[in-house]
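Once you have looked at the hints, place chain B on chain A.
Those protein sequences? They're chains A and B, same order as listed.
Its first residue numbered -12, the first sequence is counted upward by one per residue in our numbering.
Its first residue numbered 667, the second sequence is counted upward by one per residue in our numbering.
If you are wondering where the hints come from, they were derived from the structure by calculation, not from laboratory data.
This one's a predicted model, so the numbers in the text were calculated from it and none came from an experiment.
Here are the simulated distance ranges between beta carbons:
hint, chain 1, residue 1, chain 2, residue 2, range
1, A, 66, B, 675, 29 to 35 Å
2, B, 746, A, 27, 26 to 32 Å
3, B, 674, A, 58, 41 to 47 Å
4, B, 711, A, 40, 25 to 31 Å
5, A, 49, B, 680, 48 to 54 Å
6, A, 26, B, 781, 24 to 30 Å
7, A, 57, B, 722, 38 to 44 Å
8, A, 58, B, 705, 26 to 32 Å
9, B, 712, A, 4, 31 to 37 Å
The following residues of chain A were derived to be distant from chain B, with all beta-carbon distances above 10 Å:
hint, residue
10, -5
11, -1
12, 0
13, 9
14, 15
15, 16
16, 48
17, 51
18, 60
19, 62
20, 64
21, 73
Sample of chain A residues lacking proximity to chain B, with all beta carbon distances greater than 12 Å (derived):
hint, residue
22, 6
23, 7
24, 66
25, 98
Note that the Cβ used here is the ideal one computed from N, Cα and C, for glycine as well.
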Amino acid sequence: DAGVTQSPTHLIKTRGQQVTLRCSPKSGHDTVSWYQQALGQGPQFIFQYYEEEERQRGNFPDRFSGHQFPNYSSELNVNALLLGDSALYLCASSAQHINRVAFGSGTRLTVV
Amino acid sequence: AQSVTQLGSHVSVSEGALVLLRCNYSSSVPPYLFWYVQYPNQGLQLLLKYTTGATLVKGINGFEAEFKKSETSFHLTKPSAHMSDAAEYFCAVSDERDGGFKTIFGAGTRLFVKA
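Just chain A, with the same shape it has in the complex (with noise of 0.2 Å):
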């Protein structure tokens, strides 16, 4: 039974450009967070998918934004990339209770 999987697991773009990172949730969940994790801290709430909708929001600026499908996986976009989101970006799903979170291995997104 595969986990959380994540692609890829190692980007680089130039500050302004825009990123798509991708989740795959672990087999039997249905709702898929984002967080970012920037390098010496803890991972930061973006925002939660369920049913195909942003269900919550981190403090987060309107470039971050995301998309779930209808076989559950997920989608994060960032546009107009700054030096500043460089972190690694993990994703975890769950089962429709916290009970239940598991995470990915992430995706290290470096901006130069």
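Positioned in the frame of chain A, the structure of chain B alone reads:
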């Protein structure tokens, strides 16, 4: 608003010694509490969680934590440290609101284990 404070960004113990990582939380509703471990260049692994019921929670790798509502604390302990315990540890708090939830993490505590 929820928040988590982890006391001590770095903790160093000798192999075989007691591990104590401190966590205090703030939540306006009954919280769900978690401890995660992160090894270099990896994602988060759940060590243990408190939702309801028994306040002493046992997790993987010999770790345990006790929920103390009066102290708003959820400290993580392990009786005897092993070299493989060296990692970053995150305390987190979460609740369910409006059918959804978000998890708030502390800044993390890096555990060093000396031989």
